[in-house]
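J.: Given next are the chains, with one letter for each unit.
Number of protein chains: 2
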Amino acid sequence: MIGGGFGGLQVVRGLRRAAGVEVTLVDRQNFHLFQPLAYQVATGGLSSAEIASPLRRVLRHQANARVVLAEATGFDLGSREVTLDKLPNGAASMTIPYDVLVVAGGSAYSYFGHDDWAEFAPELKSLQGALALRSRILSAFEAAELEADPGRRAAWLTFVVVGAGPTGVEMAGQIAELAHDTLRHDYRAVDTSHARVLLVEAADRVLGTFPPSLSRRAARSLEKIGVTLALDTTVVDLADGTIDVQPRNGERSTIAARTVVWAAGVTASPLAALLADAAGGEVDRVGRILVEPDLTLPGRPEVFALGDMAAVRSAGGEVQRLPGVAPVAMQEGRHVARSIGSGTSKPFRYRDKGNLATIGRSHAVADVKGVQLWGFAAWVTWLAVHLAYLIGFENRLLVLTRWTFSYLTRGRTARVIHH
Amino acid sequence: MIGGGFGGLQVVRGLRRAAGVEVTLVDRQNFHLFQPLAYQVATGGLSSAEIASPLRRVLRHQANARVVLAEATGFDLGSREVTLDKLPNGAASMTIPYDVLVVAGGSAYSYFGHDDWAEFAPELKSLQGALALRSRILSAFEAAELEADPGRRAAWLTFVVVGAGPTGVEMAGQIAELAHDTLRHDYRAVDTSHARVLLVEAADRVLGTFPPSLSRRAARSLEKIGVTLALDTTVVDLADGTIDVQPRNGERSTIAARTVVWAAGVTASPLAALLADAAGGEVDRVGRILVEPDLTLPGRPEVFALGDMAAVRSAGGEVQRLPGVAPVAMQEGRHVARSIGSGTSKPFRYRDKGNLATIGRSHAVADVKGVQLWGFAAWVTWLAVHLAYLIGFENRLLVLTRWTFSYLTRGRTARVIHH
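Protein sequences appear in the order of chains U and D.
Take the first sequence: its letter number 180 is residue 182 in my numbering, and every next letter is one higher.
Take the second sequence: its letter number 300 is residue 302 in my numbering, and every next letter is one higher.
Okay, chain U solo, but in the shape it has when bound (with noise of 0.2 angstroms):
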């Protein structure tokens, strides 16, 4: 098993009462990372170690299970064999025999082509990336704290954040709410409550999974709490201290603002094009390898994909269109634990539970199977679908401590600018 998130996990887990079966699971983490909450660490509402399981923690009593903290980064599919590279002990690298390989190296943002923007928008699929942007987001302040040249304060106090999928509207909606109350009576030189916080889509609304009219609530409720709404835009350029947006049927503009967060576009991790390499498979536009309805790779029965770097076909031969997100990971690892388990193959179908999205504090939209909700009602529900979901009851108890701290006292605690 490639890969210890959600889908990988769900696969791990899912294989502890399967007879004679040992797994290895292969993770460049020695953690599993709760992605969805990723985005409350980079604005200092959690701390790192609060949303990230360690992984042999979660197994050590799962004795058909071992864990290798490597990268995988070549398959041999003729002789069965994976490449591991980076490993803890220094070693070059080694190669380990598989009977059955899963891999779900999930997924990316993606530039457009333009990966030297990353340097100056950075992504937060990752904890260094959310610690990163924690630290790039709350250095701003204190640049414009220091800053005496209005304009270049101005600059300072500019964030924008780029997609408006449900990470960015998260991030753009927890930045305002920093800036416009948390941090409020922080600065002495600087109000903070002048922040301009600006969200960049380049579709006509946010949410574009959701449906229309809860679309509309989130812009209202993001337009509510300060974030300023760019739709129909493009991102043309960036550099450091400058964004150039294009609207659909306007002019280009140059935007100074040094904190630009990136969630936009999603491109498959590398691991996809590797295993498509060495399958003869192909890849789709956002580098996702193609697999067959029951998720294993044309042709080979014992090779499975999935997660955030497979496309599923259907029975049709045309490719699903699922959404990335961790619901459609976890079920299609639950499913190919299954097809291992039982030696059996069977099409993948995912069971649509919902779809959430959080604005800020009492504000969010779900969408569930048709019933849609918002404002506090779908905050509450976002809370307890988030917290149920998060691997052990400490980390739990500890996320839980941090939300009513923040609710309460309108603080984000975990501020620590690492250097």
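Mixed in with the good hints, there may be bad ones.
Said to hold, decoys possible - Residues of chain U placed beyond 10 angstroms of chain D at every Cβ, according to the derived structure:
1. F114
2. V238
3. Y352
To be verified - With beta-carbon atoms standing in for the labels, derived distance ranges:
4. U:T411 x D:G92: 30 to 38 angstroms
5. D:H63 x U:G76: 52 to 60 angstroms
6. U:T244 x D:I98: 27 to 35 angstroms
7. D:R412 x U:S347: 38 to 46 angstroms
8. D:S344 x U:Q130: 46 to 54 angstroms
9. D:W405 x U:E24: 35 to 43 angstroms
10. D:W405 x U:G76: 42 to 50 angstroms
11. U:A379 x D:A120: 52 to 60 angstroms
12. U:A20 x D:G92: 52 to 60 angstroms
13. U:L410 x D:G92: 35 to 43 angstroms
14. U:S316 x D:E121: 53 to 61 angstroms
15. U:S344 x D:D118: 57 to 65 angstroms
16. U:R353 x D:Y409: 34 to 42 angstroms
Claimed, not checked - With the C-beta cut set under 10 angstroms, the calculated list includes, among others, these residues of chain D facing chain U:
17. L48
18. S49
19. L61
20. R62
21. V70
22. M96
23. Q130
24. A142
25. R154
26. R186
27. D188
28. E396
29. A416
30. I419
31. H420
Rather than coming from a laboratory, the hints here were simulated on the basis of the structure.
Even glycine gets a Cβ: it sits at the ideal position worked out from N, Cα and C.
Take the given structure of chain U and dock chain D to it, following the hints.
T.: Just chain D now, with coordinates in the frame of chain U:
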């Protein structure tokens, strides 16, 4: 006020009602670190933000205090200015004027002139140091799990702590519990209970600042949880993967150990020498600046130095023997605040409330005004005192939650390796 540690924060807080006083607190970090628990971050017991309090948050309602995130790099006592560098807005440097200057830069561990050893044996005075140590310690177990060669595996499972003061004792105890207890079920190829934890100390007993009877009790507790003591032993060389030690009456020997933690010696912040140079004053053998009984610099009644970087003369002229612990710095800080607030000058006198060190689960020693406590009673005292001195009810509750889970499950769940 330079430095937001235990002493500096007391100065700022102590001046909150001082009429006509404006305080500028300068620190390189945006948080106050509760350094006595840094070793628990290093061993995965706590997450970083749980022992860090954002300075702005702590001071947000103190209208006469402002915070500047920067590094003090120069003092001009004649024109009463401090030079600040590493400014968050990227500006080259700035100077700020003062009427009264207080410097509390703290201390670091000293490598006895072998600064090159720092690379092989990190220390844990800072949060960054604690996180780096955590990654090293946890990665050593990961490496051992993958290592086939028994000799190399043993080296990965050998942990040497240098210095048996409170930090060294606590660190050795935590590593022993981590290896022999917490991680026992987490690995498959290696039995972590075979890990060796060696505590090297040049003196003839551990916890040299405690009464000898408590040193003996602490030594017994350490041995009970699996720490091997090497007393009367000095470190003579350190390289990547090996440490050479020399017992007072024995042969020099080389130990193969991949992880060495440094908790010996102490050296004052470079700010002490910088300030002494500017004032024409003196520093002592460990780099501390010599200050008058009222904590001012000789001939400079408007400049104070305190905490680990200051050596305080008594009225008779000789230097007082004050331990380098938080209570000394805090009392000095309150003393300086009173002096500044009242405009008077009185000699500082330390009120020793006692000495505490924890060894591990249910094991601690305490010397409270001549009353000696050990075992469970001392451990509960230790827990209560540390919780009481943590800043903020939220962090107290988070740490208490972690400790409760650790006690009940023998787990340490903040085991994130940051790359």
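J.: Check the structure against each numbered hint from earlier and tell me which ones fail, lowest number first.
T.: Violated hints: none at all, because every hint is consistent with the structure.
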